[in-house]
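*Asks:* Sequence:
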Amino acid sequence: MEVMRAAEEKRPRLRRLADKLGGIYTPVALAFAGIAWAVSGDPTRFLSVVVVATPCPLIIAIPVAIIGAISLAAKRGIIVKNPVALEQIQLCRTAIYDKTGTLTYGEPSLVEETLSAGYAKDEILELAASLEMYSKHPLAYALQGAAQKRHLALIEVSEVSEKPGHGLTGRLQGKIVEVVGRKTMLQNKLMEATVQNDEGGLECFVIIDGKLAARYRFRDAPRSESPSFIQHLGPRHAFDHQMIISGDRESEVRYLAEAVGITEIHAGKSPEEKLTLVRQETARAKTLYIGDGINDAPAMLAATVGIAIGQNCDVTSEAASVVVMENSLRLVDEFMHISERMGRIAMQSAVGGMLLSVVGMAVAATGHLPPVAGAVTQEVIDLLSILNALRVSFPPKILSDV
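Residues in the sequence shown are numbered consecutively from 102, following this note's numbering.
What the hints contain is simulated information worked out from the structure, not anything from laboratory work.
Take the hints with a grain of salt, since some may be wrong.
What the hints assert, rightly or not - Below 27 Å or equal to it, Euclidean Cα-Cα: the simulated DSS-like pairs (lysine-lysine) are:
(1) 176 / 237
(2) 222 / 237
(3) 284 / 312
(4) 290 / 250
As the list claims (entries may be wrong) - Pairwise CB distance ranges, derived in the manner of DEER restraints:
(5) 359 / 290: 25 to 35 Å
(6) 369 / 322: 33 to 43 Å
(7) 176 / 277: 18 to 28 Å
(8) 385 / 246: 51 to 61 Å
(9) 471 / 132: 50 to 60 Å
(10) 192 / 322: 47 to 57 Å
(11) 267 / 322: 52 to 62 Å
(12) 322 / 452: 24 to 34 Å
Model, not experiment: these values are computed from the prediction.
Just so it is clear, CB atoms sit at the ideal spot from N, CA and C, and this is done for glycine as well.
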C-alpha cells in the first residue's frame with residue numbers, strides 16, 4: 102500500500118482533447134470577433150461572431166462521444182473507470198505485461214514431483230495442499246487441484262503464518278511444514294546441489310521439520326490469443342515496444358516470452374522494481390500496462406493507461422484505469438478499437454462543428470448574420486455535432502482483430 106501511495110503521488114497528469122482544442126479555438130474566435138468590430142466599427146458584429154463561435158461542439162459533442170464509448174465498452178464487459186484512458190490509449194507506444202494471469206491463463210498445473218528419500222508422494226502432497234488452503238497464490242490452487250485429483254483428504258492446520266516473500270509455514274499433525282520458493286531455499290542453504298543451477302519452470306519446495314521433503318514443478322500455458330494479440334499491436338495499433346515485467350523466475354518468463362513473441366523481459370521483480378521500470382518507460386513514451394495481480398497495482402498507477410484483466414484483486418481493479426471483467430486479451434483489443442473509433446468520431450464532431458462555426462463567423466463578420474440568427478445557426482451546428490457523436494454508442498460490425 103505504501104508503494105501504491107508513492108505511485109499515486111507521481112501519477113501522470115494528462116490533458117483532455119477538448120482542453121487542447123479549446124486552447125486554440127477560443128483565442129482565435131475572440132481575435133476574429135475583435136477584428137470584425139475594429140474593421141466595421143460596429144459592436145454588433147463582435148456580438149454576432151461570438152454567438153456563432155460558441156464552442157459547444159467541444160463542450161458537448163466530445164463528452165457525448167466519450168459517454169457513448171463508455172456505454173459501448175460496458176456492454177462488452179469493459180468498465181472504463183477513467184475516461185481519459187479512452188483518449189490516451191491511442192497515443193501509447195509501449196505495451197508492458199505481467200505474466201501470470203495476463204499472458205497466461207493463471208492456472209498452473211503440477212507437472213513434476215521430486216521427493217527426497219524416505220518421503221511418500223501422497224503424504225507430502227496432502228500436507229502441502231492442506232497448508233496452501235491459506236494462500237491465494239496460483240501455485241497454491243495447483244497443489245490443491247492435484248490433491249483433489251488423487252482424492253486426498255486435506256488436513257486441519259493448527260498454526261499458519263506467511264512472511265512476505267518467504268512462503269507459507271504451518272503446523273500439521275505435529276509437523277512444521279513450509280512451502281517456499283527457491284530464494285528461501287538458498288538463503289537457508291537447503292538447496293541440493295542437483296537443483297541449485299536448474300532454471301526450468303515454476304516451482305516450489307516443501308520443507309518438513311527443517312528438511313527438504315519435495316520439489317514441485319508447474320507449467321502455466323499461454324493464452325490462446327496471446328501470440329496474435331502481441332503480434333498485431335505493432336501494425337494495427339502503432340505500438341513499437343513490448344515487454345514482460347514479472348516477479349517469476351527468468352527461465353519461466355523467457356519460456357513464455359518465446360512462446361508469445363516478446364524479446365524483452367524483466368524477471369524476478371518486486372512491486373517496487375516494477376514501479377521503477379514502468380516510470381522509466383513512461384518517461385520515454387506513453388505506456389499501456391496490462392496485469393491482474395496485486396503486485397501490478399503500483400505499476401498500473403504509474404503507466405499512462407493501466408488495464409486490469411479479470412476480477413482477481415480489488416486493489417488492482419481500484420488502481421486500473423480500465424477493468425476487463427473477463428480474463429481475455431480480446432476484450433483489451435476491443436477497448437482499443439472502441440477508443441480509436443471514439444477518437445475519430447469525436448474529432449469529426451468537434452473539428453467539423455468548429456469549421457461550420459468558422460463559416461458562420463465569417464458570414465457574421467460581414468454583417469449578413471445578426472446575433473439572433475447567429476444563435477439559431479449555432480444551435481443547428483451543435484445538434485449536428487451531437488448527433489454525429491452519438492454514433493459512438495452503436496457497435497460496428499467488427500470490434501477486434503484478435
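*Asks:* Indicate whether the distance between the beta carbons of residue 369 and residue 322 respects the range 33 to 43 Å.
*Replies:* Between residue 369 and residue 322, where Cβ atoms are some 21 Å apart, the hint is violated.
*Asks:* Compare the distance between the alpha carbons of residue 176 and residue 237 with 27 Å, and conclude whether the hinted pair is satisfied.
*Replies:* violated, 30 Å
*Asks:* Does the beta carbon distance between residue 385 and residue 246 stay inside 51 to 61 Å, or does it fall outside?
*Replies:* At roughly 41 Å between Cβ atoms, residue 246 and residue 385 fall outside 51 to 61 Å, so the hint is violated.
*Asks:* Between residue 192 and residue 322, does the beta-carbon spacing fit 47 to 57 Å?
*Replies:* violated, 33 Å
*Asks:* Are residue 290 and residue 250 close enough, with their CA atoms no more than 27 Å apart?
*Replies:* Answer violated: residue 290 to residue 250 is near 33 Å, above 27 Å.
*Asks:* Check the hint pairing residue 222 with residue 237 against an upper bound of 27 Å on the C-alpha distance.
*Replies:* Holds, at about 23 Å.
*Asks:* Determine whether the Cβ-Cβ distance between residue 176 and residue 277 falls within the hinted range of 18 to 28 Å.
*Replies:* violated, 53 Å
*Asks:* Cβ-Cβ distance between residue 267 and residue 322: within 52 to 62 Å?
*Replies:* Check failed, 28 Å falls outside 52 to 62 Å.
*Asks:* Okay, residue 359 versus residue 290 on CB: inside 25 to 35 Å?
*Replies:* holds, 33 Å
*Asks:* Range first: 24 to 34 Å. Now tell me if the beta carbons of residue 322 and residue 452 are that far apart.
*Replies:* violated, 46 Å
*Asks:* Does residue 284 pair with residue 312 here, judged by a C-alpha cut-off of 27 Å?
*Replies:* holds, 16 Å
*Asks:* For the hint 50 to 60 Å, verify it against the beta carbon of residue 471 and that of residue 132.
*Replies:* Violated, at about 21 Å.
In the structure shown, a violation is registered for the earlier hints numbered 1, 4, 6, 7, 8, 9, 10, 11, 12, in ascending order.
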